[in-house]
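S.K.: Take these sequences, add in the hints, and give me the full structure.
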Amino acid sequence: MQRYGRYIVNIEQVLPFRQSIAANSLAAISAPNTLVGHKTTLDFIDALSGALLRNTVCKAFPDLVALGFWLRRANIQKVLTTLADGVYKPVGLVVHYTPANVDTMFVYSWVCALLMGNRNIVRLSSRHSEAQQLLLAVMEEVFRLPEYAQVANANQFVHFERHHPDSGAISLLADARVLWGGDDSVKAIRALPCKPRCRDISFADRYSAAFIDFHHIFENKKVAELLWRECEPFEQQACSSPRLLFWRGEDIHWTRFVNALAAQAQSAAPSITRKNEQLIYNQWCQSEDLLDNAEQAGALNLAHVKQWHPDLIQRHVGQYTVCCIRVDRLEALLDYDDARWQTLSYAGVSKDLLIKVFGSAPIEGIDRMVPLGNALTFSPQWDGYELLSQLARRVVFA
Amino acid sequence: MSGQAIADDYQSCLNELLAQPVYGMTQREKSNKLRAIMAYLHQHHLTGCAAYGALFADYPNHFTCYEQLPYLAVRLFKLQRLASIPEADVFRELRSSGTTGQTPARVILDKATSARQSKALVTIMQQFIGKQRLPMLIIDSPEILKSPDLSARGAGIQGMAFFGRDHTYALNADMSLNTQAVAAFVAKHKGKPVLLFGFTFMVWLHFVKAIERSGIHVDLSQGILIHSGGWKKLVDQQVTNETFKRTIRSLTGLTRIHNFYGMAEQVGSVFVECEHGHLHAPSLADVMVRCPYTLEPLPHGKTGLLHVISALPTSYPGYSILTEDMGSIIGEDDCPCGRKGRYFSIAGRLPKTEIRGCSDTAGTL
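So the sequences go chain by chain: H and V. This note's numbering puts the first residue of the first sequence at -2, with every later residue one more than the last. This note's numbering puts the first residue of the second sequence at 166, with every later residue one more than the last.
Treat the hints with caution; some may be incorrect.
Each computed SDA-like pair below joins lysine to any residue, with the alpha-carbon atoms no more than 20 angstroms apart [stated by the list, open to error]:
1) Lys517/V with His125/H
2) Lys284/V with Gly189/V
3) Lys303/H with Ala222/V
4) Lys517/V with Arg312/H
5) Lys517/V with Leu276/H
6) Lys517/V with His313/H
7) Lys303/H with Ala215/V
8) Lys410/V with Pro501/V
9) Lys184/H with Asp163/H
10) Lys467/V with Ser268/H
11) Lys296/V with Ala215/V
12) Lys467/V with Gly418/V
13) Lys397/V with Thr270/H
Per label pair, the in silico range of CB-to-CB distance [as the list claims (entries may be wrong)]:
14) Arg312/H with Ala512/V: 20 to 30 angstroms
15) Gln245/V with Arg326/H: 31 to 41 angstroms
16) Leu350/H with Gln245/V: 58 to 68 angstroms
Just so you know, the hints here were simulated from the structure itself, not pulled from any lab data. Positions of the beta carbon are idealized from the N, C-alpha and C atoms, including for glycine.
M.R.: If you want it as structure tokens, here you go:
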């Protein structure tokens, strides 16, 4: 190990238990890999699911409840079936760099790596939200169970600063790195030294959009609720939160929908700065003729796009602003193709039509199209990656 | 209306306002006169500034009260370069980082606007320090003026230095108290009126606290202290305006202390604190309060975002600005100090917004 670098300053291990430790002494480094979909792993994940869903405090956090459901044995079995037939082996040690504020995100990608038999070092944020504290406490409970000692041995959650002197040495241990963050953070981490065959799975800056065809919508209330469900969590700042809304329909459709949306978008946590931030965004873009007027629907600022420009996304910082673009047909969305476009959530249009329009088009963006309401639901196919197979070696028997 | 006609009408309305005493008009008289100027300024910026035009071309151009005026979010001056004059007429570009962030606000000035601002500042300040130039103690280090890029602090000092003579700097380059210079200044002007100026937190941290610590005797009982620049750092140390004044009084005997509220985006039309601790709107400016949750106007007494208007700027569209400062209007025409018009108090800044989401990796901030 020493040849990879010097280990100077201890880092902080958070899970499976707290201790100050030299990075090269982390148990995951020398622990054995396990088999793909190993029984103990599946039991552990199910136990974690149970612990989250049973915990009464967790019930107050929709993210944690959603995570608990996702981790249920039945769902994890389903996740494993997305793997193409074949023989898979773990890649080895996966180092995860997690986002600061989407509290549960790191668990999803870690579980994918865990399922494939890898050992993991997960670097956590220093800014622990209430939800994250709770999540870590529940995880610790499960890690402490004697039947999961091997899982605890092969998985450590740690904290160290970005400029920690051993940052490079830790990166050099990785057989794969999972990087969550903005473009600059991801670039900075990728600049750290790594093994020649190390794989990087980078989740950098992305944005998402929704499409609603009101000609085929009969329940405005339901559709409004689904859109709001995608906007509300994480203050609309997750990469899959819709920032753009393409819509097709008549003026009367729109008016009715805005009324329905205004009724839904009342549940937002009050923010003393939001309205001013919305004003700044609107004025900045209106003054350059990118936006027309804007209308308020509850907490949402519906800003009508006058002239499409990437700055509309560049300047967008969540704050419940949705840039609205009226289109006369689904094909018009192809004009807005952008490599940073991650998710299209849809309503009033069939999957068949989506496949017809986007399936054969040479698009650079849009990695997933999901029915409206599901944009924030994690799946092991994310940002165009198949996480399970990317975090494994496929062995071919010819 | 042609550009020239607008300019002429603006000038004659402004002259009429300038002929009035700074704090002599009742709110009713003043708002009638000021509203007319605002209508001209709106027209002027519609034609002069494309960005302003794009924002407010559809606005009605008749206003029955200030609340109907369009306004720009103050942060736009950090995000954009907003000018209402041809490039050839640009006389100076003021850059101020303020206390909030790294991106400076950019304020485009022509000679006319700049002259108007200086004149307004003089007229307002003379109400508090008189017409005579007094010996002046600047609570800062002389180094602040030496850096090649004039900082907001440097520009503020330069502007205020005009009101004094025999300028003495009270601090060394390392912000320690220059006891020798201060003692010499005090001895030289003993028993005579003097002017002191500094930024609020500097005055407290590096002057008041240093005098307290060193135990030296500084008699400034004939002094007038003017200070500005925000209370945030003092609020963090739980120093109120009362504590600030009381401490200075007990240490130096200085009783005439005036804070003022102003911003780079509206230089000149400052709001100065009276003997009763209230900030007053001068003839050329006024203030409203808007609800941070709806941006609707709030009644007197309610705390919200300050919306400030100024009759001065023609070179950039900053005559009506929604600030990120919180405050409330205390009353109109009835301050015990005798000054007419609106008076108000500041309640701090709008907090910074937290950026969440995936695009922010652990520990990068």
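S.K.: Does each hint fit the structure? Answer for all of them.
M.R.: Checked hints:
1. Our distance criterion of 20 angstroms between C-alpha atoms is met by Lys517/V and His125/H, whose separation comes to about 19 angstroms.
2. Distance hint between Lys284/V and Gly189/V is fulfilled; the C-alpha atoms sit about 18 angstroms from each other, no more than 20 angstroms.
3. Of the pairs offered as hints, the one joining Lys303/H and Ala222/V holds, with about 15 angstroms between alpha carbons and a cut-off of 20 angstroms not exceeded.
4. With a CA separation close to 17 angstroms, the supplied pair Lys517/V and Arg312/H stays within the 20 angstroms bound.
5. Restraint check for Lys517/V and Leu276/H: satisfied, since their Cα atoms lie roughly 15 angstroms apart, inside the 20 angstroms limit.
6. Proposed proximity of Lys517/V and His313/H is supported: the alpha carbons are some 16 angstroms apart, at most 20 angstroms.
7. A C-alpha spacing of about 16 angstroms is found between Lys303/H and Ala215/V, which places the hinted pair at or below 20 angstroms, so the restraint holds.
8. About 19 angstroms separates the Cα atoms of Lys410/V and Pro501/V, which keeps this hinted pair within 20 angstroms; it holds.
9. Note on Lys184/H and Asp163/H: the hinted pairing holds, with a Cα-Cα distance of about 18 angstroms set against a maximum of 20 angstroms.
10. Among the hinted pairs, Lys467/V with Ser268/H is consistent with the structure: their alpha-carbon atoms are about 18 angstroms apart, no more than 20 angstroms.
11. The straight-line distance between the Cα atoms of Lys296/V and Ala215/V is roughly 41 angstroms, outside the 20 angstroms bound, and the hint therefore fails.
12. For the hint pairing Lys467/V with Gly418/V, the CA-to-CA distance comes to about 35 angstroms; that exceeds 20 angstroms, so the pair is violated.
13. Restraint check for Lys397/V and Thr270/H: the C-alpha separation of about 18 angstroms stays at or below 20 angstroms, so the hint holds.
14. Distance hint check: the CB atoms of Arg312/H and Ala512/V are about 29 angstroms apart, consistent with the given range 20 to 30 angstroms.
15. Range check, Gln245/V to Arg326/H: Cβ separation about 35 angstroms, and the 31 to 41 angstroms hint holds.
16. In this structure the supplied range 58 to 68 angstroms is violated for Leu350/H paired with Gln245/V, their Cβ-Cβ distance being about 41 angstroms.
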